[in-house]
Amino acid sequence: MKKIVKNTTVVALSGVMAIGMLSGCGSKSIDGEKTVATVDGTDIPMGVVSLYARESQAQTVAMYKSFMGSAGNIWSQVVDEDAGTTYGEQAVGQFLEQVELMYIMKEKAADYGVEVTSDDETAIADAAAQFMQDNDEDTLKELAVSEDQVKTLLELETYRQRIYDPIRNEAEVNITDEEAQQSSFSYVSISISGDDLTDDDIATRKEQAQEILDKMKEDPTADMGETAKAVDDTYSGLTGTIFTNDSDDEDISNSYDDAVVEALRTLKDGEVYGELVETDSSVYVLRMDKVNDEDATASKKESLENTKRSEYYSETTQKWLDDADITVNDKVLSTLTITDEHSFTIKETTADTSEDAAADTTDATEDTASEDVEAADESNDADTAETDAAKSDSAEEADTTDSADSTDETAEANSADSKAEDSSESADSEENAEDTAEETTEEN
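Residue 448 is where the sequence shown ends in the numbering used here, and the numbering goes up by one at each step.
Treat the hints as calculated values from the structure; they're not laboratory data. All residues carry an ideal CB built from backbone N, CA and C; glycine is no exception. Possibly wrong hints are sitting among the right ones.
[As the list claims (entries may be wrong)] In silico lysine-lysine, DSS-like type, Cα no more than 25 Å apart, as pairs:
| hint | residue 1 | residue 2 |
| --- | --- | --- |
| 1 | K294 | K221 |
| 2 | K221 | K145 |
| 3 | K112 | K155 |
| 4 | K38 | K219 |
| 5 | K221 | K38 |
| 6 | K294 | K233 |
| 7 | K221 | K210 |
| 8 | K219 | K272 |
| 9 | K145 | K335 |
[Stated by the list, open to error] FRET-style restraints, in silico, Cβ to Cβ:
| hint | residue 1 | residue 2 | range |
| --- | --- | --- | --- |
| 10 | D262 | F71 | 29 to 39 Å |
| 11 | G97 | D140 | 51 to 61 Å |
| 12 | K38 | F71 | 28 to 38 Å |
Based on the provided sequences and hints, a complete structural model is requested.
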(Lines of atoms letter the chains of each structure in order from A; the text may use other names.)
(Lines give C-alpha, C1' and ligand atoms only; values in the text may rest on other atoms or scores of the structure.)
Protein backbone atom coordinates (compact mmCIF):
# COMPACT_ATOMS: atom_id res chain seq x y z
CA MET A 5 0.00 0.00 0.00
CA LYS A 6 1.29 3.41 -0.89
CA LYS A 7 1.87 5.93 1.85
CA ILE A 8 -0.83 8.56 2.04
CA VAL A 9 0.59 12.02 1.38
CA LYS A 10 -0.87 14.63 3.71
CA ASN A 11 0.30 18.18 4.26
CA THR A 12 -0.83 20.92 6.58
CA THR A 13 -3.92 23.02 5.99
CA VAL A 14 -1.67 25.98 5.26
CA VAL A 15 -0.15 24.06 2.37
CA ALA A 16 -3.60 23.39 0.99
CA LEU A 17 -4.26 27.11 1.17
CA SER A 18 -1.08 28.12 -0.65
CA GLY A 19 -3.05 28.42 -3.88
CA VAL A 20 -5.50 30.76 -2.18
CA MET A 21 -2.71 32.96 -0.96
CA ALA A 22 -1.25 33.11 -4.46
CA ILE A 23 -4.62 34.08 -5.91
CA GLY A 24 -5.18 36.78 -3.35
CA MET A 25 -7.87 39.43 -3.61
CA LEU A 26 -8.77 40.89 -6.98
CA SER A 27 -10.49 44.09 -7.86
CA GLY A 28 -10.95 45.96 -11.10
CA CYS A 29 -13.18 46.79 -13.97
CA GLY A 30 -14.20 44.97 -17.05
CA SER A 31 -12.93 43.53 -20.25
CA LYS A 32 -14.44 40.98 -22.60
CA SER A 33 -17.49 39.26 -21.10
CA ILE A 34 -16.92 35.71 -19.83
CA ASP A 35 -19.59 33.21 -18.86
CA GLY A 36 -17.98 31.23 -16.06
CA GLU A 37 -20.69 28.56 -16.06
CA LYS A 38 -20.07 27.48 -19.63
CA THR A 39 -17.97 24.39 -20.26
CA VAL A 40 -14.66 25.33 -21.84
CA ALA A 41 -13.26 21.78 -22.02
CA THR A 42 -14.06 18.20 -21.10
CA VAL A 43 -11.42 15.84 -19.74
CA ASP A 44 -12.27 12.13 -19.68
CA GLY A 45 -15.93 12.99 -19.30
CA THR A 46 -15.47 15.71 -16.66
CA ASP A 47 -16.58 19.20 -17.65
CA ILE A 48 -14.31 22.16 -16.85
CA PRO A 49 -16.22 25.39 -16.23
CA MET A 50 -14.81 28.55 -17.72
CA GLY A 51 -14.73 30.24 -14.31
CA VAL A 52 -12.01 27.86 -13.07
CA VAL A 53 -9.85 28.53 -16.12
CA SER A 54 -10.47 32.28 -15.94
CA LEU A 55 -9.34 32.47 -12.33
CA TYR A 56 -6.27 30.30 -12.92
CA ALA A 57 -5.32 32.34 -15.99
CA ARG A 58 -5.56 35.67 -14.14
CA GLU A 59 -3.57 34.27 -11.24
CA SER A 60 -0.89 33.05 -13.66
CA GLN A 61 -0.95 36.27 -15.66
CA ALA A 62 -0.30 38.35 -12.56
CA GLN A 63 2.48 36.03 -11.37
CA THR A 64 4.17 36.05 -14.77
CA VAL A 65 4.26 39.84 -14.81
CA ALA A 66 5.57 39.89 -11.23
CA MET A 67 8.34 37.48 -12.15
CA TYR A 68 9.39 39.54 -15.19
CA LYS A 69 9.51 42.68 -13.06
CA SER A 70 11.49 40.91 -10.35
CA PHE A 71 14.15 39.52 -12.66
CA MET A 72 14.19 42.08 -15.47
CA GLY A 73 12.88 45.24 -13.85
CA SER A 74 9.97 45.49 -16.27
CA ALA A 75 7.40 43.27 -17.92
CA GLY A 76 7.35 45.39 -21.09
CA ASN A 77 4.82 44.28 -23.67
CA ILE A 78 5.30 40.59 -23.04
CA TRP A 79 1.82 39.46 -24.02
CA SER A 80 1.91 41.18 -27.40
CA GLN A 81 5.18 39.56 -28.45
CA VAL A 82 4.72 37.35 -31.52
CA VAL A 83 5.81 33.77 -30.82
CA ASP A 84 4.68 32.25 -34.13
CA GLU A 85 5.58 34.43 -37.10
CA ASP A 86 3.67 32.28 -39.58
CA ALA A 87 0.42 32.26 -37.61
CA GLY A 88 0.94 35.68 -36.03
CA THR A 89 0.25 34.18 -32.59
CA THR A 90 1.16 36.36 -29.63
CA TYR A 91 2.49 35.18 -26.29
CA GLY A 92 -0.80 36.19 -24.69
CA GLU A 93 -2.79 34.07 -27.14
CA GLN A 94 -0.44 31.17 -26.65
CA ALA A 95 -0.61 31.55 -22.87
CA VAL A 96 -4.41 31.13 -22.86
CA GLY A 97 -4.00 27.67 -24.36
CA GLN A 98 -1.16 26.79 -22.02
CA PHE A 99 -3.11 27.86 -18.94
CA LEU A 100 -6.08 25.77 -20.06
CA GLU A 101 -3.78 22.79 -20.54
CA GLN A 102 -2.47 23.19 -16.99
CA VAL A 103 -6.01 23.14 -15.64
CA GLU A 104 -6.76 20.04 -17.73
CA LEU A 105 -3.68 18.38 -16.27
CA MET A 106 -4.76 19.20 -12.72
CA TYR A 107 -8.09 17.46 -13.35
CA ILE A 108 -6.16 14.39 -14.52
CA MET A 109 -3.88 14.57 -11.49
CA LYS A 110 -6.86 14.57 -9.19
CA GLU A 111 -8.09 11.35 -10.77
CA LYS A 112 -4.65 9.73 -10.48
CA ALA A 113 -3.91 10.99 -6.99
CA ALA A 114 -5.01 7.80 -5.23
CA ASP A 115 -2.50 5.80 -7.28
CA TYR A 116 0.24 7.85 -5.63
CA GLY A 117 -1.20 7.79 -2.13
CA VAL A 118 -2.19 11.44 -2.39
CA GLU A 119 -5.36 12.78 -0.84
CA VAL A 120 -7.05 16.00 0.19
CA THR A 121 -8.46 15.50 3.67
CA SER A 122 -11.71 16.70 5.15
CA ASP A 123 -9.72 19.24 7.16
CA ASP A 124 -8.21 20.49 3.90
CA GLU A 125 -11.65 20.79 2.34
CA THR A 126 -12.88 22.78 5.31
CA ALA A 127 -9.92 25.14 5.06
CA ILE A 128 -10.40 25.48 1.30
CA ALA A 129 -14.08 26.28 1.78
CA ASP A 130 -13.23 28.94 4.36
CA ALA A 131 -10.61 30.46 2.08
CA ALA A 132 -12.96 30.49 -0.90
CA ALA A 133 -15.60 32.25 1.15
CA GLN A 134 -13.02 34.81 2.26
CA PHE A 135 -11.95 35.29 -1.36
CA MET A 136 -15.51 36.07 -2.40
CA GLN A 137 -15.90 38.48 0.51
CA ASP A 138 -12.64 40.30 -0.24
CA ASN A 139 -13.49 41.04 -3.85
CA ASP A 140 -16.06 43.48 -5.10
CA GLU A 141 -18.95 42.63 -7.38
CA ASP A 142 -17.35 44.07 -10.51
CA THR A 143 -14.21 41.97 -10.09
CA LEU A 144 -16.10 38.75 -9.46
CA LYS A 145 -18.26 39.48 -12.48
CA GLU A 146 -15.23 39.97 -14.68
CA LEU A 147 -13.55 36.84 -13.40
CA ALA A 148 -16.87 35.05 -13.89
CA VAL A 149 -16.01 32.79 -10.98
CA SER A 150 -18.32 31.35 -8.34
CA GLU A 151 -17.41 30.36 -4.83
CA ASP A 152 -17.65 26.68 -5.76
CA GLN A 153 -15.27 27.28 -8.65
CA VAL A 154 -12.76 28.96 -6.35
CA LYS A 155 -12.92 25.88 -4.13
CA THR A 156 -12.46 23.63 -7.17
CA LEU A 157 -9.31 25.44 -8.27
CA LEU A 158 -7.82 25.39 -4.79
CA GLU A 159 -8.46 21.68 -4.49
CA LEU A 160 -6.91 21.04 -7.89
CA GLU A 161 -3.82 23.07 -7.06
CA THR A 162 -3.46 21.15 -3.81
CA TYR A 163 -3.52 17.83 -5.66
CA ARG A 164 -0.96 19.12 -8.14
CA GLN A 165 1.33 20.22 -5.35
CA ARG A 166 1.11 16.98 -3.43
CA ILE A 167 1.48 14.62 -6.36
CA TYR A 168 4.63 16.32 -7.61
CA ASP A 169 7.20 14.53 -5.45
CA PRO A 170 5.58 11.08 -5.68
CA ILE A 171 5.72 11.25 -9.49
CA ARG A 172 9.34 12.41 -9.51
CA ASN A 173 10.34 9.73 -7.02
CA GLU A 174 9.14 7.04 -9.42
CA ALA A 175 11.99 7.86 -11.78
CA GLU A 176 14.85 5.38 -11.87
CA VAL A 177 17.88 7.62 -11.63
CA ASN A 178 21.45 6.40 -11.32
CA ILE A 179 24.11 9.08 -11.69
CA THR A 180 27.49 7.71 -10.63
CA ASP A 181 30.20 9.72 -8.90
CA GLU A 182 32.42 9.14 -11.92
CA GLU A 183 29.82 10.60 -14.29
CA ALA A 184 29.26 13.65 -12.12
CA GLN A 185 32.90 14.21 -11.12
CA GLN A 186 33.81 17.88 -11.23
CA SER A 187 37.16 19.62 -11.63
CA SER A 188 37.35 23.16 -10.27
CA PHE A 189 39.61 25.79 -11.78
CA SER A 190 40.48 29.48 -11.72
CA TYR A 191 40.80 31.60 -14.83
CA VAL A 192 41.03 35.01 -16.39
CA SER A 193 39.30 35.57 -19.71
CA ILE A 194 39.87 38.62 -21.86
CA SER A 195 37.68 39.46 -24.82
CA ILE A 196 39.35 39.74 -28.20
CA SER A 197 36.22 40.12 -30.29
CA GLY A 198 33.74 42.90 -30.93
CA ASP A 199 33.14 45.67 -33.41
CA ASP A 200 34.53 48.21 -30.97
CA LEU A 201 37.99 46.55 -30.88
CA THR A 202 40.71 47.44 -33.33
CA ASP A 203 43.58 45.14 -34.27
CA ASP A 204 45.82 47.16 -31.97
CA ASP A 205 43.33 46.73 -29.10
CA ILE A 206 43.31 42.99 -29.62
CA ALA A 207 47.09 42.83 -29.75
CA THR A 208 47.32 44.83 -26.51
CA ARG A 209 44.87 42.52 -24.76
CA LYS A 210 46.78 39.45 -25.81
CA GLU A 211 49.98 41.02 -24.45
CA GLN A 212 48.22 41.74 -21.16
CA ALA A 213 46.94 38.18 -20.98
CA GLN A 214 50.49 36.92 -21.53
CA GLU A 215 51.73 39.20 -18.76
CA ILE A 216 49.12 37.73 -16.37
CA LEU A 217 50.12 34.21 -17.42
CA ASP A 218 53.83 34.89 -16.87
CA LYS A 219 53.14 36.20 -13.37
CA MET A 220 50.99 33.17 -12.54
CA LYS A 221 53.70 30.82 -13.80
CA GLU A 222 56.14 32.51 -11.44
CA ASP A 223 53.77 31.92 -8.50
CA PRO A 224 50.97 29.41 -9.31
CA THR A 225 49.49 29.89 -5.83
CA ALA A 226 48.95 33.62 -6.32
CA ASP A 227 45.47 35.12 -6.29
CA MET A 228 44.56 35.15 -9.97
CA GLY A 229 42.10 38.00 -9.56
CA GLU A 230 44.65 40.26 -7.88
CA THR A 231 47.24 39.32 -10.48
CA ALA A 232 44.85 40.25 -13.28
CA LYS A 233 43.88 43.55 -11.67
CA ALA A 234 47.53 44.48 -11.27
CA VAL A 235 47.79 44.36 -15.05
CA ASP A 236 44.48 46.11 -15.73
CA ASP A 237 42.01 46.97 -13.00
CA THR A 238 39.06 46.12 -15.26
CA TYR A 239 40.11 42.46 -15.36
CA SER A 240 38.99 39.93 -12.78
CA GLY A 241 39.67 36.38 -11.73
CA LEU A 242 36.88 33.84 -12.08
CA THR A 243 36.31 30.28 -10.98
CA GLY A 244 34.43 27.48 -12.68
CA THR A 245 33.95 23.75 -12.91
CA ILE A 246 33.99 21.22 -15.70
CA PHE A 247 33.17 17.53 -15.91
CA THR A 248 36.35 15.59 -15.24
CA ASN A 249 35.29 12.80 -17.60
CA ASP A 250 33.50 12.68 -20.94
CA SER A 251 30.04 11.16 -21.24
CA ASP A 252 27.54 10.35 -23.97
CA ASP A 253 24.76 11.76 -21.79
CA GLU A 254 23.65 15.09 -23.26
CA ASP A 255 23.00 16.41 -19.74
CA ILE A 256 26.63 15.77 -18.84
CA SER A 257 28.32 18.37 -20.98
CA ASN A 258 30.54 21.38 -20.38
CA SER A 259 29.55 24.97 -21.03
CA TYR A 260 33.13 26.07 -21.70
CA ASP A 261 34.83 26.01 -25.07
CA ASP A 262 36.37 22.65 -25.98
CA ALA A 263 39.84 24.22 -26.12
CA VAL A 264 39.49 25.36 -22.51
CA VAL A 265 38.27 21.94 -21.35
CA GLU A 266 41.03 20.10 -23.21
CA ALA A 267 43.72 22.34 -21.73
CA LEU A 268 42.39 21.96 -18.20
CA ARG A 269 42.28 18.18 -18.44
CA THR A 270 46.07 18.08 -18.93
CA LEU A 271 46.67 19.73 -15.55
CA LYS A 272 47.14 18.45 -12.01
CA ASP A 273 46.05 20.19 -8.82
CA GLY A 274 47.58 23.67 -8.57
CA GLU A 275 49.10 23.70 -12.05
CA VAL A 276 48.89 26.69 -14.39
CA TYR A 277 48.49 25.94 -18.08
CA GLY A 278 51.69 26.95 -19.83
CA GLU A 279 50.13 28.84 -22.72
CA LEU A 280 47.26 31.17 -23.39
CA VAL A 281 44.16 29.36 -24.61
CA GLU A 282 42.51 31.28 -27.42
CA THR A 283 38.93 30.85 -28.60
CA ASP A 284 36.98 32.80 -31.19
CA SER A 285 36.03 35.41 -28.63
CA SER A 286 38.54 35.34 -25.76
CA VAL A 287 41.97 34.43 -24.48
CA TYR A 288 42.22 32.48 -21.23
CA VAL A 289 44.72 32.09 -18.43
CA LEU A 290 43.95 28.79 -16.67
CA ARG A 291 44.85 27.11 -13.39
CA MET A 292 43.52 23.76 -12.20
CA ASP A 293 42.54 24.01 -8.54
CA LYS A 294 41.18 20.51 -7.87
CA VAL A 295 40.98 17.73 -10.42
CA ASN A 296 38.48 16.02 -8.15
CA ASP A 297 36.46 18.61 -6.28
CA GLU A 298 34.33 16.51 -3.96
CA ASP A 299 31.96 19.29 -2.93
CA ALA A 300 31.34 20.37 -6.53
CA THR A 301 30.89 16.73 -7.55
CA ALA A 302 28.28 16.11 -4.84
CA SER A 303 26.40 19.26 -5.86
CA LYS A 304 26.52 18.36 -9.55
CA LYS A 305 25.36 14.81 -8.87
CA GLU A 306 22.36 16.11 -6.96
CA SER A 307 21.65 18.59 -9.74
CA LEU A 308 21.80 15.93 -12.45
CA GLU A 309 19.56 13.60 -10.48
CA ASN A 310 17.08 16.41 -9.99
CA THR A 311 17.12 17.11 -13.72
CA LYS A 312 16.39 13.48 -14.52
CA ARG A 313 13.46 13.44 -12.10
CA SER A 314 12.09 16.65 -13.59
CA GLU A 315 12.37 15.19 -17.07
CA TYR A 316 10.51 12.10 -15.88
CA TYR A 317 7.79 14.25 -14.32
CA SER A 318 7.35 16.25 -17.54
CA GLU A 319 7.29 13.13 -19.71
CA THR A 320 4.82 11.38 -17.42
CA THR A 321 2.38 14.25 -17.16
CA GLN A 322 2.62 14.98 -20.88
CA LYS A 323 1.71 11.36 -21.59
CA TRP A 324 -1.31 11.72 -19.31
CA LEU A 325 -2.43 14.68 -21.39
CA ASP A 326 -1.76 12.85 -24.65
CA ASP A 327 -3.70 9.79 -23.53
CA ALA A 328 -6.67 11.68 -22.08
CA ASP A 329 -9.90 12.20 -23.97
CA ILE A 330 -9.97 16.01 -24.14
CA THR A 331 -12.29 18.25 -26.10
CA VAL A 332 -12.08 22.04 -26.09
CA ASN A 333 -14.86 24.51 -26.85
CA ASP A 334 -12.83 27.08 -28.79
CA LYS A 335 -15.71 29.54 -28.90
CA VAL A 336 -15.92 29.65 -25.11
CA LEU A 337 -12.12 29.75 -24.75
CA SER A 338 -11.90 32.72 -27.13
CA THR A 339 -13.71 34.89 -24.58
CA LEU A 340 -10.59 34.75 -22.40
CA THR A 341 -7.92 37.15 -23.63
CA ILE A 342 -4.57 38.08 -22.13
CA THR A 343 -3.12 41.38 -23.29
CA ASP A 344 -0.76 44.05 -22.05
CA GLU A 345 -3.56 46.61 -22.01
CA HIS A 346 -5.60 44.52 -19.60
CA SER A 347 -3.09 43.77 -16.85
CA PHE A 348 -3.14 42.42 -13.32
CA THR A 349 -0.64 43.22 -10.61
CA ILE A 350 0.06 41.51 -7.31
CA LYS A 351 -0.14 43.38 -4.04
CA GLU A 352 1.04 41.70 -0.87
CA THR A 353 -0.89 41.56 2.37
CA THR A 354 0.39 39.84 5.47
CA ALA A 355 -0.85 36.30 5.92
CA ASP A 356 -1.66 35.05 9.42
CA THR A 357 0.39 31.86 9.62
CA SER A 358 2.41 30.31 12.39
CA GLU A 359 6.16 29.74 12.07
CA ASP A 360 5.68 25.97 11.85
CA ALA A 361 2.98 26.28 9.25
CA ALA A 362 5.16 28.61 7.25
CA ALA A 363 7.97 26.10 7.27
CA ASP A 364 5.61 23.38 6.08
CA THR A 365 4.43 25.59 3.27
CA THR A 366 7.98 26.37 2.19
CA ASP A 367 9.06 22.72 2.19
CA ALA A 368 6.03 21.63 0.23
CA THR A 369 6.28 24.31 -2.43
CA GLU A 370 10.02 24.45 -3.06
CA ASP A 371 10.12 21.17 -4.96
CA THR A 372 6.92 21.97 -6.86
CA ALA A 373 8.49 25.12 -8.14
CA SER A 374 11.73 23.33 -8.95
CA GLU A 375 9.86 21.40 -11.65
CA ASP A 376 10.17 24.58 -13.67
CA VAL A 377 12.58 26.92 -11.98
CA GLU A 378 15.59 24.62 -12.00
CA ALA A 379 14.64 23.77 -15.54
CA ALA A 380 14.01 27.18 -16.87
CA ASP A 381 17.39 28.37 -18.16
CA GLU A 382 19.42 25.52 -19.64
CA SER A 383 19.64 26.94 -23.11
CA ASN A 384 20.66 30.37 -21.80
CA ASP A 385 23.03 29.10 -19.13
CA ALA A 386 24.80 26.81 -21.57
CA ASP A 387 26.48 29.89 -22.98
CA THR A 388 27.02 31.69 -19.68
CA ALA A 389 30.68 30.86 -19.22
CA GLU A 390 31.73 31.91 -22.71
CA THR A 391 29.54 35.01 -22.63
CA ASP A 392 30.91 36.08 -19.26
CA ALA A 393 34.41 35.44 -20.49
CA ALA A 394 33.90 37.54 -23.58
CA LYS A 395 32.74 40.47 -21.50
CA SER A 396 34.99 40.13 -18.48
CA ASP A 397 37.32 42.91 -19.58
CA SER A 398 34.74 45.57 -18.78
CA ALA A 399 34.46 47.18 -15.36
CA GLU A 400 30.80 46.33 -15.11
CA GLU A 401 31.55 42.69 -15.86
CA ALA A 402 34.11 42.62 -13.10
CA ASP A 403 31.39 43.28 -10.57
CA THR A 404 29.12 40.51 -11.76
CA THR A 405 31.09 37.62 -13.18
CA ASP A 406 32.48 36.38 -9.87
CA SER A 407 29.29 34.39 -9.59
CA ALA A 408 29.91 32.63 -12.91
CA ASP A 409 31.10 29.46 -11.25
CA SER A 410 27.86 29.02 -9.34
CA THR A 411 25.92 29.64 -12.54
CA ASP A 412 28.12 27.14 -14.32
CA GLU A 413 27.63 24.70 -11.45
CA THR A 414 23.87 24.66 -11.82
CA ALA A 415 23.27 25.49 -15.45
CA GLU A 416 23.25 21.96 -16.78
CA ALA A 417 20.62 20.84 -14.29
CA ASN A 418 17.94 22.43 -16.35
CA SER A 419 15.39 21.27 -18.96
CA ALA A 420 12.63 23.57 -20.12
CA ASP A 421 8.88 23.22 -19.69
CA SER A 422 6.49 25.80 -21.17
CA LYS A 423 7.33 29.45 -20.46
CA ALA A 424 3.92 30.15 -19.03
CA GLU A 425 4.03 27.22 -16.63
CA ASP A 426 7.55 28.14 -15.56
CA SER A 427 6.46 31.66 -14.77
CA SER A 428 3.33 30.90 -12.82
CA GLU A 429 4.73 28.10 -10.67
CA SER A 430 7.98 29.90 -9.86
CA ALA A 431 5.95 32.87 -8.71
CA ASP A 432 3.78 30.52 -6.64
CA SER A 433 6.83 29.19 -4.83
CA GLU A 434 8.35 32.53 -3.96
CA GLU A 435 5.14 33.88 -2.57
CA ASN A 436 4.23 30.74 -0.60
CA ALA A 437 7.66 30.54 0.98
CA GLU A 438 7.39 34.12 2.17
CA ASP A 439 4.07 33.35 3.82
CA THR A 440 2.23 36.18 2.13
CA ALA A 441 -1.18 36.51 0.67
CA GLU A 442 -1.52 38.55 -2.49
CA GLU A 443 -3.92 41.12 -3.69
CA THR A 444 -4.21 41.27 -7.45
CA THR A 445 -5.55 44.49 -8.88
CA GLU A 446 -6.60 44.88 -12.48
CA GLU A 447 -5.23 48.00 -14.12
CA ASN A 448 -6.72 49.42 -17.29
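Of the hints given before, which are not true for this structure? 2, 4, 5, 11
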